[in-house]
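Protein sequences appear in the order of chains H and G.
In terms of my numbering, the first sequence opens at residue 1 and continues consecutively.
In terms of my numbering, the second sequence opens at residue 285 and continues consecutively.
None of these hints come from the bench; they were simulated from the model.
Bear in mind that the values here come from a model prediction, so they are computed numbers and not experimental data.
Even for Gly, the Cβ is constructed at its ideal location relative to N, Cα and C.
Any given hint might turn out to be false.
Using C-beta positions, here's what the derived DEER-type ranges look like [what the hints assert, rightly or not]:
1) G:VAL588 <-> H:VAL198: 45 to 53 Å
2) H:PRO96 <-> G:GLY544: 41 to 49 Å
3) H:ARG228 <-> G:VAL582: 35 to 43 Å
4) H:LEU118 <-> G:LEU326: 15 to 23 Å
5) H:GLY112 <-> G:PHE336: 22 to 30 Å
6) G:THR350 <-> H:ALA32: 52 to 60 Å
7) H:PHE269 <-> G:SER348: 48 to 56 Å
The primary structure of each chain is shown beneath.
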Amino acid sequence: MHSSLSSGKRRVPLASRLAQLAETLGVLLIIAFVLFPLIWMLLGAFKNQIDIYSVKLFFKPTLDNFRAIFSNPILLGNNIWISALVSFLTVAITIPLGAAAAYVLSRHRFKGRNTLFLLILVTQFVPAVVVAIPFFNLFRALNLIDTPWALVIVYLSFTLPYAIWLLRGFFDALPVEVEEASYIDGCNEFQTLRFVTVPLVLPGILVAAVFTFISAWNEFFFALILTRSHALTLPVGILTISGPRGPMWEQLSAAGMVVMVPILVMSFFIRKYFVEGITVGAVK
Amino acid sequence: MALPQPSVSSVLVARPVKKPRQYRSGSLRWMLLGPGLIVIALTVIYPLAASFITSFRDWRLIDSPTPGPFVGAANYTRALTDAGFLNSLGVSAIYMVISVCLTLLLGLGIALLLQKPTPLNVFARTLLIFPFAVAPVLKGFSWRFMLNNEYGVYAKLIGAIIPPLNDYVWLGHQLSALFVIAFSEIWGWAPLFALMFIGAIGSIPAEATEAAKVDGATSIQIFFKITLPLLAPVIYIVALLKIISAFKMFDQIAIMTGGGPGDSTQTLYYYVYQVAFRNLDMGYASALSYILVAIMAVISTFYVRTLLKGD
Numbered sequence: 001m002h003s004s005l006s007s008g009k010r011r012v013p014l015a016s017r018l019a020q021l022a023e024t025l026g027v028l029l030i031i032a033f034v035l036f037p038l039i040w041m042l043l044g045a046f047k048n049q050i051d052i053y054s055v056k057l058f059f060k061p062t063l064d065n066f067r068a069i070f071s072n073p074i075l076l077g078n079n080i081w082i083s084a085l086v087s088f089l090t091v092a093i094t095i096p097l098g099a100a101a102a103y104v105l106s107r108h109r110f111k112g113r114n115t116l117f118l119l120i121l122v123t124q125f126v127p128a129v130v131v132a133i134p135f136f137n138l139f140r141a142l143n144l145i146d147t148p149w150a151l152v153i154v155y156l157s158f159t160l161p162y163a164i165w166l167l168r169g170f171f172d173a174l175p176v177e178v179e180e181a182s183y184i185d186g187c188n189e190f191q192t193l194r195f196v197t198v199p200l201v202l203p204g205i206l207v208a209a210v211f212t213f214i215s216a217w218n219e220f221f222f223a224l225i226l227t228r229s230h231a232l233t234l235p236v237g238i239l240t241i242s243g244p245r246g247p248m249w250e251q252l253s254a255a256g257m258v259v260m261v262p263i264l265v266m267s268f269f270i271r272k273y274f275v276e277g278i279t280v281g282a283v284k
Numbered sequence: 285m286a287l288p289q290p291s292v293s294s295v296l297v298a299r300p301v302k303k304p305r306q307y308r309s310g311s312l313r314w315m316l317l318g319p320g321l322i323v324i325a326l327t328v329i330y331p332l333a334a335s336f337i338t339s340f341r342d343w344r345l346i347d348s349p350t351p352g353p354f355v356g357a358a359n360y361t362r363a364l365t366d367a368g369f370l371n372s373l374g375v376s377a378i379y380m381v382i383s384v385c386l387t388l389l390l391g392l393g394i395a396l397l398l399q400k401p402t403p404l405n406v407f408a409r410t411l412l413i414f415p416f417a418v419a420p421v422l423k424g425f426s427w428r429f430m431l432n433n434e435y436g437v438y439a440k441l442i443g444a445i446i447p448p449l450n451d452y453v454w455l456g457h458q459l460s461a462l463f464v465i466a467f468s469e470i471w472g473w474a475p476l477f478a479l480m481f482i483g484a485i486g487s488i489p490a491e492a493t494e495a496a497k498v499d500g501a502t503s504i505q506i507f508f509k510i511t512l513p514l515l516a517p518v519i520y521i522v523a524l525l526k527i528i529s530a531f532k533m534f535d536q537i538a539i540m541t542g543g544g545p546g547d548s549t550q551t552l553y554y555y556v557y558q559v560a561f562r563n564l565d566m567g568y569a570s571a572l573s574y575i576l577v578a579i580m581a582v583i584s585t586f587y588v589r590t591l592l593k594g595d
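Construct the entire structure; sequences and hints are all you get.
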């Protein structure tokens with residue numbers, strides 16, 4: 001019983017102490033695995049074009065990269081504007097339509113309701129490339145290639161079914177009794193929806209709006225196919241940040257921060273809903 | 285038909301005379317549902333139908349801006365002897381196995397290490413959502429940068445630990461390139477799956493593991509005999525999600541390898557993209573995309589079936 005390590009308050013066997021140490025190291029390793037790529041990009045954004053090719057952690061930070069990406073020839077400001085426009089429009093169309101449909105699918109009982117549910121879920125498995133081929137040809141014929149509108153239209157193909165599914169869950173979680181009270185007080189269905197149901201589901205609607213925004217903001221595949229130069233969103237805009245030796249990593253890191261930081265901030269606010277949101281929508 | 289009671293406080297009414305659904309109006313239903321359904325029909329059903337029709341036509345954009353003649357199933361039979369397509373099927377399969385296995389293993393590992401709610405673990409759990417939110421394009425760039433054989437920080441780290449791997453060109457060989465691409469994706473998925481596993485482990489009754497400990501079971505026995513079987517349903521659904529995402533993965537390949545070296549990282553999805561938007565062969569690309577749809581349909585059947593059972 002007399003352990004040589006018993007100088008502490010409690011006598012803990014050596015093996016279990018070692019296990020404890022290994023566990024803590026493991027947790028620190030996880031934190032490093034999760035954070036390191038983010039930190040490395042953050043550091044890269046402030047390195048000059050020589051330091052970027054070294055692995056040193058301490059260097060003289062510079063803001064040159066941010067200056068460079070916002071001036072000629074990259075002009076990332078344009079891409080930010082297009083990305084914001086496309087993402088906001090996508091949210092502005094997706095959320096009202098999605099919430100209205102989700103409400104009906106949650107509260108109304110009618111023939112074909114379950115089939116409709118299932119169909120909406122299944123559309124999320126449709127690979128984007130199948131959607132892209134006909135729309136590419138349609139937009140070419142309509143002269144819509146390289147416009148923000150083209151992107152908003154195709155983005156609806158995945159944001160709307162996703163939002164309906166996510167929002168239906170939030171409507172389902174709201175007890176029907178709240179609405180019953182409003183009916184008894186003499187409100188009709190629309191008034192009840194407008195003044196009782198929607199305000200109560202508002203947090204869920206915000207979560208759906210944030211997820212929709214993130215998926216539009218981060219989207220790359222459609223943007224690559226449907227834009228040329230005028231409607232380049234951030235994910236395709238940053239492809240131009242390359243020199244004769246390939247990507248200019250220091251400027252790319254700075255641009256990466258611009259793409260990433262708004263999304264990370266939004267994610268932080270809806271972190272409680274993340275797992276739920278992804279399991280509904282990960283099939284995108 | 286009793287009128288609603290002019291009640292003092294409606295909250296106190298235990299049961300309304302009418303069922304709530306009787307208040308729900310049929311015309312409002314279609315006014316609310318209609319716009320959403322129309323948009324889904326236009327943005328999903330229309331392209332699906334259009335692709336299907338195009339898949340039976342000969343349509344090379346270089347030759348003609350309008351679709352050519354119907355050629356029956358020629359586009360589909362062409363796939364059977366197309367080395368590029370057959371190669372892409374193989375690449376997709378290898379990629380799927382690598383990324384699904386690694387994500388599950390890593391996700392489980394993270395979950396087991398973080399399952400106790402100590403302050404450090406709770407802090408670590410909050411961080412787990414962030415990688416997933418990062419744009420896939422950035423994931424591709426960041427991992428490509430970190431694994432560059434000349435100046436990549438991860439490449440140097442690996443080289444320092446395992447000297448023979450110093451200067452190894454990670455994106456220059458098929459298997460290692462697929463591993464690197466997979467890792468850029470796993471970095472987002474594994475932490476998220478870990479969160480789901482932690483939730484599931486939390487719902488395992490503590491008595492079960494306590495009793496096993498009293499009976500002298502080791503932690504390894506407890507994991508394999510209690511935790512893992514109880515996690516099986518979650519692992520199953522999560523594996524399906526990952527399989528689907530593996531088949532749809534595009535961004536990182538475009539950023540990290542462009543399908544290369546050669547066509548060794550050209551997945552089916554990337555190949556369809558190449559045929560459609562590089563070779564501009566719309567007929568053949570549509571047929572290939574329908575083969576992809578068929579594969580996704582099989583996988584999604586399993587997923588939907590599980591979801592419905594869960595409901």
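Status of each hint after checking the structure:
Between VAL588 of chain G and VAL198 of chain H the beta carbon distance is about 29 Å. The supplied range of 45 to 53 Å is therefore violated. Taking 41 to 49 Å as the suggested C-beta distance range, the pair PRO96 of chain H and GLY544 of chain G conforms, at roughly 44 Å. Checked against the hint of 35 to 43 Å, the pair ARG228 of chain H and VAL582 of chain G passes, with Cβ atoms roughly 36 Å apart. A hinted range of 15 to 23 Å for the beta carbons of LEU118 of chain H and LEU326 of chain G is consistent with their spacing of about 20 Å.
Taking the beta carbon of each, GLY112 of chain H and PHE336 of chain G are about 23 Å apart, inside 22 to 30 Å as hinted. Against the hinted window of 52 to 60 Å, the Cβ-Cβ separation of THR350 of chain G and ALA32 of chain H comes to about 56 Å, which satisfies the hint. With their beta carbons about 51 Å apart, PHE269 of chain H and SER348 of chain G fall inside the hinted range of 48 to 56 Å.
Of the numbered hints stated above, the single one contradicted by the structure is hint 1.
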